[in-house]
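Chains as they are written, first to last, in the numbering used here: chain A, 5 to 220; chain B, 5 to 220; chain C, 4 to 246; chain D, -15 to 178; chain E, -15 to 178.
Source of the hints: derived by calculation from the structure; they are not laboratory data. Any given hint might turn out to be false.
[To be verified] In silico DMTMM-like pairs for lysine to aspartate or glutamate, Cα to Cα no more than 25 Å straight-line:
| hint | chain 1 | residue 1 | chain 2 | residue 2 |
| --- | --- | --- | --- | --- |
| 1 | B | LYS19 | B | GLU77 |
| 2 | A | LYS216 | E | GLU123 |
| 3 | E | LYS59 | E | ASP98 |
| 4 | C | LYS158 | A | ASP90 |
| 5 | D | LYS47 | D | GLU140 |
| 6 | A | LYS10 | D | GLU152 |
| 7 | E | LYS59 | D | GLU152 |
| 8 | A | LYS93 | A | GLU77 |
| 9 | A | LYS93 | D | ASP78 |
| 10 | C | LYS16 | C | GLU236 |
| 11 | B | LYS93 | E | GLU9 |
| 12 | E | LYS(-14) | E | GLU9 |
| 13 | B | LYS216 | B | GLU191 |
| 14 | C | LYS158 | A | GLU88 |
| 15 | B | LYS89 | E | GLU123 |
| 16 | B | LYS89 | E | GLU99 |
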Amino acid sequence: MFRLIKIESSKLFYKLKSWLGPMLIMILVLTAFPLSIDISQFDLEKFYFSIIVVSLLMTSFLATEGMFEEDYEDGSLEQEYLVEKDFYKVVLSKIFVYVCFIGVPIAFIGAIFSFANGVAIGNFINVFISLSLSNLLLFNLFAFGNALSINKGAMLGILTTLPLALPVIILLGTAIRSIQYGNSFLEIISLMIGMGFLISAIMPLIISTTLKTHID
Amino acid sequence: MFRLIKIESSKLFYKLKSWLGPMLIMILVLTAFPLSIDISQFDLEKFYFSIIVVSLLMTSFLATEGMFEEDYEDGSLEQEYLVEKDFYKVVLSKIFVYVCFIGVPIAFIGAIFSFANGVAIGNFINVFISLSLSNLLLFNLFAFGNALSINKGAMLGILTTLPLALPVIILLGTAIRSIQYGNSFLEIISLMIGMGFLISAIMPLIISTTLKTHID
Amino acid sequence: MISAFIHKFSSPKSFVQITKTLYPLFIFTGLSMLIIGWTWGLLFAPPDAVQGNSYRIIFLHVPAVIFAELIYFFMALCALMHIVWRVKLAAYLIKSAAPIGAMITFIGLFSGSIWGIPTWGTWWQWDARITSTLILFIMYLGILTLHGSFSNLEKSDRLMSILVVIGVVNIPIIKKSVDWWSTLHQPASISVSGGSSIDPSMLYPLIISIIGLGFTLISLGILSSRSYILSREKNKKWVLKHV
Amino acid sequence: MKLISAQNISYRINEKMLFHNLSLEVCSGEGLHIKGRNGSGKSTLLKILLGITSVSKGLIEYKNQDLKISYLGHKNAIKNYLTPAQNLQLFFDDLSLTNAFKWLEKLDLYQVQDELTANLSFGQQKKLALIRVLAQSSELIVLDEPFVGLDKAASELLNSFFHQKLSEGTGLILTSHIQPSVECQVIELDKTNV
Amino acid sequence: MKLISAQNISYRINEKMLFHNLSLEVCSGEGLHIKGRNGSGKSTLLKILLGITSVSKGLIEYKNQDLKISYLGHKNAIKNYLTPAQNLQLFFDDLSLTNAFKWLEKLDLYQVQDELTANLSFGQQKKLALIRVLAQSSELIVLDEPFVGLDKAASELLNSFFHQKLSEGTGLILTSHIQPSVECQVIELDKTNV
Ligand code: HEM
Ligand SMILES: Nc1ncnc2c1ncn2[C@@H]1O[C@H](COP(=O)(O)OP(=O)(O)OP(=O)(O)O)[C@@H](O)[C@H]1O
Ligand SMILES: Nc1ncnc2c1ncn2[C@@H]1O[C@H](COP(=O)(O)OP(=O)(O)OP(=O)(O)O)[C@@H](O)[C@H]1O
Ligand SMILES: [Mg+2]
Ligand SMILES: [Mg+2]
């Protein structure tokens, strides 16, 4: 497991495009938004969060693009299978690395920006945590989509996993509103943590079955 | 030229993921946005457009991902060079096809959604045109970024082209505000058309030089 | 042990034989109950106090959306069977149930939209239940298109099952969305545990049409799965004998 | 000692039968050369023997469950945005890394070890990929057309590697349109076709 | 008739000299076989002759500016998300398409023409890529290791294709670690190395 995490993180590290791209685009969007519309500070406060939500959704989609594709195409996946006899750990560590090195930084950028724009409702930690958790959920989901449509012709991964992102978005929206109005945040965050655990345990299983089917 | 357009469009057609993905994510975001926040209809009207702008930015980034990479990696680029002795036409037709089959539909989706949500400021055609034009600009820009960082390690493409997207966004923002308040729309749209022509002529030249350098 | 049992009773061959005898019974029950339920509901049930006659679309809308979910649920069960025990028949059933599910979901969406015009004043709202029903519809479409993108049929059977299982999270969302978010849509008006908030004169025809639609859909499913099985197993000896 | 054996295996893809009732057996110190036309199912057979692809019918048995197999298929399984040295660091743990670097030298890749792998020549990339097999200690070596793109020196090196491994008691299964210089059992896949 | 000639070309990449003062000449009906170790610069030389890569020093001359060259490198330049038939439609215009399909049949790919190319075997993919060269009428054929992965039948077909083309007056330049059966001038790249 440690070996896999090391491998995955060094692969990711050298693919600057994969991790820097999503972060840069997150920054760009959060910068561009106030520029693109002519609004007073008061209004911005109210809506900045939904922009963050939307950017989160897109950057996590972007970040997971080609997550398994490369390993599938160059044959590394088969090699890993021979060593591990299973993809569960491979998938788990890959998602872990991606969430740690892309997902969490993006959430951090989101939180920072919201504060820099004076949208300092609730406290920083709460915002950061809920963004990170929804990134965890989204990464798992989109990783599955990517695994499904490992070959270029297949759209089905996107077609079917994108809609499933809606509940996550709705949840995040609720969490943010609860931060905003200060009610039942703990409840929602524990729901998200629960879902996070559940999905992080189950999704890799499903993804690994999918990958196995693909190399079969 | 016609041959190239035919080739590019049939390649794109079979890569469902590349063209359906951006559209679906556009739809998803525009759907998710009203769900993710708890807003009254009045406020939505004011902000829906900026969501459209942001989604436009991201989907065009997504759509141009790997635009030239595939052809470079599988050797098609070299073959095209042997036939054409130059990449100008290749690049031009590729961008044309991408704008027509991804950019314009996305703009259309954006326009439709803004109207379906009752954000019917100005008329449909104006909104659609300004969205399409900014997509044209963005696609050219991001295509350049993609050509620059054709090999995975390179971040340079993103670093240099993402900031260039900001002016486009600001321009689009101005266009939309002018639609909204009914002033000087023609002026801005003709500015955009002018820029569109200029960029569509010059960018492919720059991109083809970049590609030539890569296969050298 | 279990898997041996399952495999014995899930051979495509015995499925085709058993359903052949059951089919007339199902189609007869289904159609006759549908006719009874709909004529009762549309012609004889009293008009609603608030909505007048427009409420009568309930006899189409509610059965349709209920089966939109149930069919998906059924597919998810099949998918589990296929993943765990590699039951081939299960994959065939999913494949042939999907178009029916898509159709009935579409009817549900469509009838709901039509109903929305007089009652909500709009045919579409991005509210949670409606959106999640739309997602269900998209899932059906995704499952339908799946076979197109893989040339290896067994592979795509397995991927399809995985996909179906994942999508099942959508079902509780549809079901519970009216409770979780305050929305336009009606909360549950029929409940098994009693305390239905609907008048018996409307409830009975509704229940009859629900059951009727159920049997009709089952017989449709039998038809489509039989032809699908025959086409997939066309090189087997028993099929040649059968045809 | 039997390392791997297959009994009456068949493989069908959609309705196409690739091979039917094939049986084979590889003992330690023995080589097996799988021959056949393009598309006759050699690579598929290898993947079946490795347990990656599952057979339609038949049985595969291994000496024991965790038989150490090293494999290289048509795909190189190297990352071309890394350098050869970095690639080796991905493949190997610290123990076998020194051995791997020795092979890098033997295969004449030492002076390009810090180049991007994408810039290496076709044969150099193949050689790099082969190190994964060459520098690993395993009981069974499975190779899919290992000679493709190699020059004379490298082919000879590979052949002598086979000799040595076979004499050490390692099993060897390979497919190739080029005859290896070691003695092997031969299976012709076309013959078993229906 | 001279199709292509190179005079005293040198190629240096970073500070590494790949070849130095190399001269060659291919006339119509003549073959040229470029040999050399892995990484000696064969593929690079081909790309230089094609005009894709530019030389550091020296001069390349063509019979005329629009000499028709067909080329296949190490990379197949096929789209693996399309079927073979669709790939051919991309390569060829309607006129030469029938000829291309004839080659599809000759190369035993006819029954897989509607499979996804990604599912084809390594050799089948190579054969499909070769059709690009085989079915095109050109004055000069440039091939980089065309025999890689091909079975006996396909290699023989390719060799007889070379024979025929040479007798028709087409020029041929190829690199290969496998000896083609046609008579060729030979250039050894290692010798010219410094
Ligand atoms: C496109 C619009 C609509 C969609 C997608 C939709 C969807 C659904 C769904 C998914 C159910 C779930 C039934 C269940 O399993 O509990 C349902 C039930 C129901 N719908 Fe709709 N609906 C729509 C519009 C409407 C409208 C306009 C009305 C009437 C004002 C309506 C009235 C009802 C009623 C009365 C039920 C039964 C509730 C129950 O007993 O649980 N629907 N609908
Ligand atoms: N999904 C699929 N659908 C149909 N046929 C398939 C599929 N996948 C593989 N095949 C066929 O199965 C065969 C697999 O061949 P395989 O790769 O094992 O050949 P090979 O003997 O290794 O050939 P080569 O010498 O070219 O490497 C090919 O004929 C291919 O067309
Ligand atoms: N960007 C680069 N930086 C440094 N060296 C490079 C670069 N690009 C190519 N090379 C070197 O130039 C040589 C190019 O070899 P080329 O591909 O022409 O070899 P080849 O003779 O075709 O070998 P093979 O038989 O393996 O195909 C290699 O040694 C490679 O390491
Ligand atoms: Mg093979
Ligand atoms: Mg070469």
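Okay, the hints, checked on the actual structure:
A distance of roughly 16 Å separates the Cα atoms of B/LYS19 and B/GLU77; the hinted pair therefore holds under the 25 Å criterion. Simply put, A/LYS216 and E/GLU123 have alpha-carbon atoms about 47 Å apart, too far for the 25 Å limit, and the pair is violated. The hinted pair formed by E/LYS59 and E/ASP98 meets the criterion: a straight-line CA distance of about 22 Å does not exceed 25 Å. Taken as a hint, the C/LYS158 and A/ASP90 pair is honoured in the structure, with Cα atoms around 17 Å apart against an allowance of 25 Å.
With a C-alpha separation of about 30 Å, the suggested pair D/LYS47 and D/GLU140 falls outside the 25 Å cut-off, and the hint is violated. For the suggested pair A/LYS10 and D/GLU152, the alpha carbons sit about 33 Å apart, so the restraint of at most 25 Å is broken. With a C-alpha separation of about 37 Å, the suggested pairing of E/LYS59 with D/GLU152 is violated against the 25 Å cut-off. For the hint linking A/LYS93 to A/GLU77, the alpha-carbon distance of about 19 Å falls within 25 Å, and the restraint holds.
The suggested pairing of A/LYS93 with D/ASP78 holds, with an alpha-carbon distance near 21 Å, which does not exceed 25 Å. Restraint check for C/LYS16 and C/GLU236: the C-alpha separation of about 10 Å stays at or below 25 Å, so the hint holds. Among the hinted pairs, B/LYS93 with E/GLU9 is inconsistent with the structure: their alpha-carbon atoms are about 32 Å apart, more than 25 Å. For the given pair, E/LYS(-14) sits about 7 Å from E/GLU9 by alpha-carbon distance, which is consistent with the 25 Å threshold.
Pair hint B/LYS216 plus B/GLU191 does not hold up; C-alpha atoms about 38 Å apart against a cutoff of 25 Å. With a C-alpha separation of about 22 Å, the suggested pair C/LYS158 and A/GLU88 falls inside the 25 Å cut-off, and the hint holds. For the suggested pair B/LYS89 and E/GLU123, the alpha carbons sit about 17 Å apart, so the restraint of at most 25 Å is met. Between the alpha carbons of B/LYS89 and E/GLU99 the distance comes to roughly 33 Å, so the proposed pair goes past 25 Å and is violated.
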